[in-house]
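Participant: Got chain U sorted already, so can you dock chain X onto it with the hints?
Number of protein chains: 2
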Amino acid sequence: MRYHPLLVAALASLVPVLAAAAPLPTPEGILAAAPAGDWQALEPADTLYMDLPKGRVVILLAPGFAPKTIANIKNLLGDKYFDGSAIVRSQDNYVVQWSQENKAKKEAKAKLKGYVEFERPASPSLVRLPDHDTYAPQTGFDGDFAAGSDGKSEWLLHCYGMVGAGRDSAPDSGSGVELYAVTGQAPRQLDRNITLVGRVVQGMELLSALPRGASAQGAYMGFYQKPDEYTKISSIRLASELPAKERLRLQYLKTDTKSFTAYVEARRNRHNNWFVRAAGAIDACNIPLPLRSAPN
Amino acid sequence: MRYHPLLVAALASLVPVLAAAAPLPTPEGILAAAPAGDWQALEPADTLYMDLPKGRVVILLAPGFAPKTIANIKNLLGDKYFDGSAIVRSQDNYVVQWSQENKAKKEAKAKLKGYVEFERPASPSLVRLPDHDTYAPQTGFDGDFAAGSDGKSEWLLHCYGMVGAGRDSAPDSGSGVELYAVTGQAPRQLDRNITLVGRVVQGMELLSALPRGASAQGAYMGFYQKPDEYTKISSIRLASELPAKERLRLQYLKTDTKSFTAYVEARRNRHNNWFVRAAGAIDACNIPLPLRSAPN
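Chain order of the listed sequences is U and X. Quick note on numbering: the first sequence equals residues 0 to 295 in numbering that gives the first Met the number 0. Quick note on numbering: the second sequence equals residues 0 to 295 in numbering that gives the first Met the number 0.
Errors might be hidden in some of the hints.
[Unchecked claim] Straight line, CA to CA, 25 Å or less: simulated PhoX-like cross-link-like pairs of lysine-lysine:
hint : chain 1 : residue 1 : chain 2 : residue 2
1    : U       : Lys73     : U       : Lys105
2    : X       : Lys53     : U       : Lys225
3    : U       : Lys53     : X       : Lys225
4    : X       : Lys53     : U       : Lys53
5    : U       : Lys102    : U       : Lys112
6    : U       : Lys53     : X       : Lys231
7    : X       : Lys257    : X       : Lys105
8    : U       : Lys73     : U       : Lys244
9    : X       : Lys112    : U       : Lys231
10   : X       : Lys67     : X       : Lys112
Hints listed in this document are in silico derivations from the structure and should not be mistaken for laboratory results.
Excised from the complex, chain U in its bound form (with noise of 0.2 Å):
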């Protein structure tokens, strides 16, 4: 029988190798054994459902580090601002864009503030990695997203899966009237130059599948061309909005417990049969959180 090739490494290890000790534990293993408490539900206040025509993207805020913006966004949901909007943009290896074309609805918020959330104070409460970043000083997690720290200040990480602010020129003009996600290699190039409010923990593939915008050569943006490219936003709600019998039972693992350090140690050195060699270092954006549905 011919195995699928990558199989094994996709599933991080099925066959963990057999140590001196007790097999070294995997990923899935990890996961599997995290006590209750290292789980935390979605706080339903700080969730986006995004309904496309093919399903729903779940969208976790983040607050501690894009308050403003991220209460502009919630007064732009109360007004259903979202409602009939649609993804005009989606470049290769770059991101989704998600706007109001509708004129009259566009116009009644083109002058809403925006604000420059970059960056914060740094906080002790940042879970370091030891890894080696290639951007930032310092790495690691903090309110359960992947930050980067210059001792100074602290800031979110432009990985994959994350959603920002888009703006224009003028650094305070991302004012949540319009939002991307990234699709592709984290464009870290990106960081601490927009403002970042949260990211997609379920349904990604919802966006990163869509078919790309017409390119145009040397101005390649990923723009669709024409409105009957695009993909329709029936609404976005807040998950507090909705009766809690109708919201979704997510959980993710708490990035402050040891069960998230094994975790992420697990992925950085994989031990199962199919590796020939341990990577030795896992950058930020090679782990995602781990997310489930509340046990019964």
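Facilitator: Only chain X this time, still in chain U's reference frame:
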């Protein structure tokens, strides 16, 4: 007028900052000014055309890194092995994978010898980057591919768009009958664990935007569940098999040129009216190989 957010970031720069002497060069300006001799036509004998229903994917092979595996692939192409093959897997933020699913054709090559071409001796031809990398002691470009080195050996990096030969648990089981391309955040843990054979230089969006294979909870690997979900590959041909006039006239910027060094620097530290802070560093996987159609 409202500009499209991230617009200038995507363009890298239309409006250079005015410096004391002259405007700092932009990546686009550098490419436009690069002398003809800095551009290299793709070697037809090392260029693959993979034809899908929606278009053509162009892959540049790296025979300097994986000569035996590539010899296998060329032999398979000679047998038209990949005609009527299919993309059978699309795992979000990881890889797409293709193989021949016709039982008779598949079994005929099932025992094709595989090779371990995970690294090669270090070479002075590596054009080194000054940037710190999380995974490799040194990174740079060699033979126009992003590579890592520890001073003794050198290996290709699993960047977005890189193509490799899938393998089973046995390290030498990757013969070239199943190939994959990276479609997400660089899975650098695979470096030196599997043989990379080249990179997609055009048509990447035909692979990256494919629907993801269905998720099975706990063992998600993106394999399609039913053959009718496959994307058919009508053929894979070497450009050299086609008459010269039917070949694409593509050129890439040679990485051992001053133009390439300047291009990387302009991407490392972006100077335009959108960025408020230059990154000061760049990951080798954030440097796409500049490609153009040969001027007439």
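Participant: Hint by hint, say whether it matches the structure.
Facilitator: Status of each hint after checking the structure:
For a cut-off of 25 Å, the pair hint linking lysine 73 of chain U to lysine 105 of chain U stands: about 16 Å separates their Cα positions. Proposed proximity of lysine 53 of chain X and lysine 225 of chain U is supported: the alpha carbons are some 19 Å apart, at most 25 Å. Distance hint between lysine 53 of chain U and lysine 225 of chain X is fulfilled; the C-alpha atoms sit about 19 Å from each other, no more than 25 Å. Note on lysine 53 of chain X and lysine 53 of chain U: the hinted pairing holds, with a Cα-Cα distance of about 21 Å set against a maximum of 25 Å.
For the suggested pair lysine 102 of chain U and lysine 112 of chain U, the alpha carbons sit about 19 Å apart, so the restraint of at most 25 Å is met. Of the supplied pair hints, the one linking lysine 53 of chain U and lysine 231 of chain X holds, its CA atoms being roughly 23 Å apart against a limit of 25 Å. The suggested pairing of lysine 257 of chain X with lysine 105 of chain X is violated, with an alpha-carbon distance near 46 Å, which exceeds 25 Å. Between lysine 73 of chain U and lysine 244 of chain U the CA atoms are separated by roughly 21 Å; this keeps the pair inside 25 Å, and the hint holds.
Proximity of lysine 112 of chain X to lysine 231 of chain U is assessed by CA-CA distance (about 49 Å); at most 25 Å being required, the pair is judged violated. For the given pair, lysine 67 of chain X sits about 10 Å from lysine 112 of chain X by alpha-carbon distance, which is consistent with the 25 Å threshold.
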